[in-house]
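Q: The primary structure of each chain is shown beneath.
Number of protein chains: 6
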Amino acid sequence: MLLHLSTWLEVEKYLESSSGIIIPIGSTEQHGPTGLIGTDAVCAEFISHGVGEATQAMVGPTINIGMALHHTAFPGTISLRPSTLILVVKDYLTSLAKAGFSKFYFINGHGGNIATLKAAFSETYAYLEDMQTKNFQKVQCQLGNWFMCSSVCKLAKELYGDKEGSHATPSEVALTQYIYPQAIKQSFLAPDVAGGHRIYGPRDFRLRYPDGRMGSHPHLATPEHGKQFYHLAVEELSASYSKFLDQD
Amino acid sequence: MLLHLSTWLEVEKYLESSSGIIIPIGSTEQHGPTGLIGTDAVCAEFISHGVGEATQAMVGPTINIGMALHHTAFPGTISLRPSTLILVVKDYLTSLAKAGFSKFYFINGHGGNIATLKAAFSETYAYLEDMQTKNFQKVQCQLGNWFMCSSVCKLAKELYGDKEGSHATPSEVALTQYIYPQAIKQSFLAPDVAGGHRIYGPRDFRLRYPDGRMGSHPHLATPEHGKQFYHLAVEELSASYSKFLDQD
Amino acid sequence: MLLHLSTWLEVEKYLESSSGIIIPIGSTEQHGPTGLIGTDAVCAEFISHGVGEATQAMVGPTINIGMALHHTAFPGTISLRPSTLILVVKDYLTSLAKAGFSKFYFINGHGGNIATLKAAFSETYAYLEDMQTKNFQKVQCQLGNWFMCSSVCKLAKELYGDKEGSHATPSEVALTQYIYPQAIKQSFLAPDVAGGHRIYGPRDFRLRYPDGRMGSHPHLATPEHGKQFYHLAVEELSASYSKFLDQD
Amino acid sequence: MLLHLSTWLEVEKYLESSSGIIIPIGSTEQHGPTGLIGTDAVCAEFISHGVGEATQAMVGPTINIGMALHHTAFPGTISLRPSTLILVVKDYLTSLAKAGFSKFYFINGHGGNIATLKAAFSETYAYLEDMQTKNFQKVQCQLGNWFMCSSVCKLAKELYGDKEGSHATPSEVALTQYIYPQAIKQSFLAPDVAGGHRIYGPRDFRLRYPDGRMGSHPHLATPEHGKQFYHLAVEELSASYSKFLDQD
Amino acid sequence: MLLHLSTWLEVEKYLESSSGIIIPIGSTEQHGPTGLIGTDAVCAEFISHGVGEATQAMVGPTINIGMALHHTAFPGTISLRPSTLILVVKDYLTSLAKAGFSKFYFINGHGGNIATLKAAFSETYAYLEDMQTKNFQKVQCQLGNWFMCSSVCKLAKELYGDKEGSHATPSEVALTQYIYPQAIKQSFLAPDVAGGHRIYGPRDFRLRYPDGRMGSHPHLATPEHGKQFYHLAVEELSASYSKFLDQD
Amino acid sequence: MLLHLSTWLEVEKYLESSSGIIIPIGSTEQHGPTGLIGTDAVCAEFISHGVGEATQAMVGPTINIGMALHHTAFPGTISLRPSTLILVVKDYLTSLAKAGFSKFYFINGHGGNIATLKAAFSETYAYLEDMQTKNFQKVQCQLGNWFMCSSVCKLAKELYGDKEGSHATPSEVALTQYIYPQAIKQSFLAPDVAGGHRIYGPRDFRLRYPDGRMGSHPHLATPEHGKQFYHLAVEELSASYSKFLDQD
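Chain order of the listed sequences is Y, U, V, W, H and D.
To convert, note that position 222 of the first sequence is 222 in UniProt numbering; the numbers rise steadily by one, no gaps.
To convert, note that position 130 of the second sequence is 130 in UniProt numbering; the numbers rise steadily by one, no gaps.
To convert, note that position 166 of the third sequence is 166 in UniProt numbering; the numbers rise steadily by one, no gaps.
To convert, note that position 101 of the fourth sequence is 101 in UniProt numbering; the numbers rise steadily by one, no gaps.
To convert, note that position 25 of the fifth sequence is 25 in UniProt numbering; the numbers rise steadily by one, no gaps.
To convert, note that position 212 of the sixth sequence is 212 in UniProt numbering; the numbers rise steadily by one, no gaps.
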């Protein structure tokens, strides 16, 4: 059940039986010479819709711009500062908490969002308590990173071994190929690709990773792989969401 | 050309011939008993893609949550505070300005965004000047509200007369029906609907407009109408965007 | 009844019979070679005092610096950023709402304030609701732009036709001449004056409008005109304020 | 020379011979049963105009709302939070610094502003340095509190002795009587008035000082006293401003 | 009783008999060629511990970075902006107020903190009132500047006369020598030292005070002097804290 | 070399040969019935001093209040909100970066700080780039969590097995016992202790973990263990810091 394709009457009815919602969050950032700039948002949204179907959960609108400051030396990247993203998450959750939602499950497509999201959760709990928002004690946020699902990692290891890398990976590229087969890109990919450096500022990042990839060989990706990743992620995250709903 | 389905190399190439980008912005808010909560984002995004095709323009990711605080007494509405939305727009534009974009054309689906967007443009110009961001003098933001296109308003007048109203209107509902025929909603709509009140806080809004509509009769909408609105809006906004690009 | 010339005991007494207050807001910005930098604040304040007398309303202190970032390439202009002005309005209204005021009527002298003011109203409603400030549901803000009064526009059209322009207009200059006859300025005014351009950043503005006027011919202004504008604005805004007080 | 009654051309000319400006800052707060709510702004503005005439200095628009949170339990008080006032001062000074002003002399009418103003000066110096605003090294802010002028204090001591108190004092009331003889207020003033307590939050303040006065006996004030205070303050602050201009 | 060396059970017990806490605040800033960068934090902390022992009061963690922007042209200085320090103090006090503390006594080692601290107190009172935090009416903050204790000033006058100066003073250096005899520094100190200039921005400060001292002759300091200052400050501030606790 | 016990001349000299600095960061939060509230700050500071000695590195002042919002339902806990902590880190690093430091190595004692610290690093890189601060491209931040050192975890596993838990652990308690043997606390510790719950808001936390421990048995701690942990952590983090300095 997609929030943006529902009416407020349907939401009101939904809240009678559930206070849970799935929130896709991605990023708009370079993904190497062949990866889509929207990769992280596309994957998070598509998987969220799958989880929503599997669990009858409401799925909120996708936060498609995340914390990608370290990629901003590549054109096309758009990033919120962490302090802005914290406010966005706080406003998003506050709106829904007032309406009665209390179980917020973020399905995330971008490693760079994790730290800021966790900070935003803490900021929001404190704000709702300060406001004494109705039922603030019940509000719980949880984070599900699809690319860190154990089943996903296992398959990526089998398919790509060390060539998975850590950014613009064949697994995420495969997933976008499955979702948007019409947007499969071809470009020269140097066989040697840097990897293993820590991440600092945007200029430093581009110096270390000149084509944007971090240790990855995305030419290994296929739409068929993507389909497999999709089903594994949906299954694992659906179980995780259901468990989250069930706990106190 | 959709930014999220492009690679950074493609963006780099695009910037050689254009510094313009279209940015869809909508809202996530109640639209009466039969209107989709995502109406404003759905319409803005769909029209933006049409304009992007017609003008070969880059289209950025949709800002799908806007300034809808006055709708927050209805479940399902999600709103940023104006101060947050200003930061989001500032971060969005700053990221792109650093990469070389300078002509930002917002296609907006929600009247409630207009004031905050204009404030955000001013805030951003000042910030870029303070930062002395490369080419800050060239940065220009413009706002195209599809629902205020003269051709759109003329057709709405012909089709619905006074029954268009000002929120959850048949014209926007028609457009969503055209885009998502599978999500056409049925619900009882009282023939008498309030209209003409000013907008203050969220509780006041719900008292004045108990089912969320503002003077509108959305049951008059048809997908076929939606198609007409779509083509009119795309044509008019494409011309507006092209003129924007051409001016100094 | 001017707040700044009242005692707190008088305010306490006033609140027994009214919860309304008029708040003048202007700007401190260039108004062409002959217009006063304080034009917008001067006009808003003077008209507000007239409306206050006509309606027995309390008039608060003038917000004399507004959102004029686009004029800051001309010396003498002082502007708040929109994000600052939002906070100023929020603090101003919060102080008064706690004391029992709930009907806030802004008399505005500057078009550039409108967007930010509307954003500030939304921000304030949400803040007061979050705080659960006493009577927050009753708080209503309304905006009366004296230069957009229909009677004012009609007279300006009659007197100046197309030479009214849109900034440093003869109508507002006339009003300041009526208020401050000792400060009528003389300077060369080029007969050709730019007009019709959109407004972007401050440097762009000065390039397009080199002497600060936007399509206006302020040498047509006379103090006698100013007097007429004053009386028209006071009459129309007094009626508007009274209607505002009377509504729920 | 009043900024709000000047044109930008006149400001441009002024800057050829001086980079100094006087900025009046007051407050909008209760001043006991007989004191005007605008006392601090009225006094600061009037004296500033006097200093401006005496020294040929430009005088900027009055900041008429200051930091008066501790008075907000009395109706009619309006206060900015310190964090807001810091932003207001920063924006005010930044606008003028870009135009070439560098010597900012605040004439202040309210003790409660002093701490926040000093904080704002530090915040502004750092911001201008971070921005590398033109001539940022030359920017200097100085604070002149008229009520702390040695000549003013000496006269107050002579006229009122211990009955001067520290808020809603006869000296400031006298000055407002001189400026606005038509607004001299009569009200019962208890002969015993609390004094000497420290200031904490607004409710605490009103408990300790039930009628708003702090140890003062404002019925001793006369317009003639006010005239004397005015001339003493103008003389002393004019000398101080001139010395400020002359120093490096 | 040091908060950082206590358990939460001990704090819970402490709150049964007292709601007071001492909060040391210093700065991390240059103190001339021979003064320790941590002088202000070191002194405030050490004296606070002494006062805590003398009065059986809880002592909170030291705020060791304060408002020292004017010293930032000297390497090693670390400063918060005033707006940041206000937030730090607000968060610090809000955490403790929720737990039941209401009497906050700051022992301060740095003159540059005073203005921002006072602003922070006002900001905090207003925030706690807006939040309706439990017992918010009882919250009181008070500031004790050890270097302004009358007994301390008297001794400094006796020992150093005019050579005390106003920054990197022999009295504070003496106190650090008493606390850290192993960190007594030797360096050439020019016999002529600038003094008496007002403080503006960081570059201006360094130009006026090239070695960082303000009119002081810290070579006069001895550890024995430091011991005397310590005991005087502890005695005077202990009395002040006790009086603060006893008042309503 | 401790910054707070150095002079600015010594810092200036230090910067000739190194641009690295170690920054201890802890927290002020409940650590169960027997753990010190300052545990995280105490450990981070003590280990930092050890690493500073081992590597001849400068050690900055300890950030002793961190992100501990989830512990605030226990008295004695003090927490910054994440948005405040981000500003603190940004101001801290900006001050030092202007002076020439560029390698910032945080030694952290609290898991709850990690997310906000990472967000703060990103925020700071972007700010320094926007400001074009001297050498901003060279600025690098790195995080060393002493409790996650592999040698430390290995020893904790050997000594305590599953009884280490994840908050108020015997390993960190042991370290504080080694540092402050005079502050070893005794209290009843229930043999059954909750563990394994996720962390949400403060009230939820206290419900799940009534005495504050998370799965830990701190009575196993001894000062001798603490000494071992200290030496392991210093050795491992010293190597890590040295490697950080040596890299580009």
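It is possible that part of the hints are untrue.
It does not matter which identical chain is used: a pair holds within one copy or between any two.
Quick list of in silico lysine-lysine cross-link-like pairs, DSBU-like style, CA-CA up to 35 Å [stated by the list, open to error]:
| id | residue 1 | residue 2 |
| --- | --- | --- |
| 1 | 13 | 138 |
| 2 | 134 | 227 |
| 3 | 227 | 13 |
| 4 | 227 | 154 |
| 5 | 154 | 185 |
| 6 | 138 | 243 |
| 7 | 227 | 243 |
| 8 | 185 | 227 |
| 9 | 154 | 98 |
| 10 | 134 | 157 |
| 11 | 185 | 134 |
| 12 | 138 | 163 |
| 13 | 163 | 227 |
| 14 | 138 | 185 |
| 15 | 163 | 13 |
| 16 | 243 | 13 |
| 17 | 163 | 134 |
| 18 | 243 | 157 |
| 19 | 157 | 98 |
| 20 | 98 | 163 |
| 21 | 13 | 185 |
| 22 | 154 | 243 |
| 23 | 134 | 154 |
| 24 | 98 | 243 |
| 25 | 98 | 138 |
What the hints contain is simulated information worked out from the structure, not anything from laboratory work.
Q: Could you figure out if residue 163 and residue 13 sit no more than 35 Å apart (CA to CA) within one copy, between two copies, both or neither?
A: So residue 163 and residue 13 pass the 35 Å test across copies only (28 Å; inside, 47 Å).
Q: Up to 35 Å between alpha-carbons, please classify residue 138 paired with residue 163: within, between, both or neither.
A: between (43 Å within a copy, 29 Å between copies)
Q: As a check of your reading, is residue 154 near residue 98 (CA-CA no more than 35 Å) within one copy, between copies, both or neither?
A: For residue 154 and residue 98, neither the intra-copy (40 Å) nor the inter-copy (39 Å) Cα distance is at most 35 Å.
Q: Please sort residue 13 with residue 138 into within, between, both or neither, judging by C-alpha distance up to 35 Å.
A: both (20 Å within a copy, 29 Å between copies)
Q: Between copies, within a copy, both or neither: which fits residue 227 and residue 13 at Cα up to 35 Å?
A: both (33 Å within a copy, 31 Å between copies)
Q: With 35 Å as the alpha-carbon cut-off, assign the pair residue 227 and residue 154 to within, between, both or neither.
A: within (15 Å within a copy, 40 Å between copies)
Q: Check residue 185 against residue 227 for me: Cα-Cα at most 35 Å, and say if that holds within a copy, between copies, both or neither.
A: Both ways: residue 185 and residue 227 sit 18 Å apart in one copy and 32 Å across, limit 35 Å.
Q: How do residue 243 and residue 13 come out at 35 Å by Cα distance, when the copy is not named: within, between, both, or neither?
A: within (22 Å within a copy, 39 Å between copies)
Q: Could you figure out if residue 98 and residue 138 sit no more than 35 Å apart (CA to CA) within one copy, between two copies, both or neither?
A: Classified as both; 12 Å inside a copy, 19 Å across copies.
Q: Within a copy, between copies, both or neither: where do residue 138 and residue 185 come within 35 Å Cα-Cα?
A: Classified as between: cross-chain Cα gap 32 Å, same-chain 45 Å, threshold 35 Å.
Q: Between residue 154 and residue 185, at a C-alpha cutoff of 35 Å, which is it: within one copy, between copies, both, or neither?
A: within (26 Å within a copy, 42 Å between copies)
Q: Evaluate residue 163 and residue 134 at a C-alpha cut-off of 35 Å and name the case that applies: within, between, both or neither.
A: neither (49 Å within a copy, 37 Å between copies)
In terms of the numbered hints stated before, the structure departs from hints 2, 9, 10, 17, 19 and 23, listed from lowest to highest.
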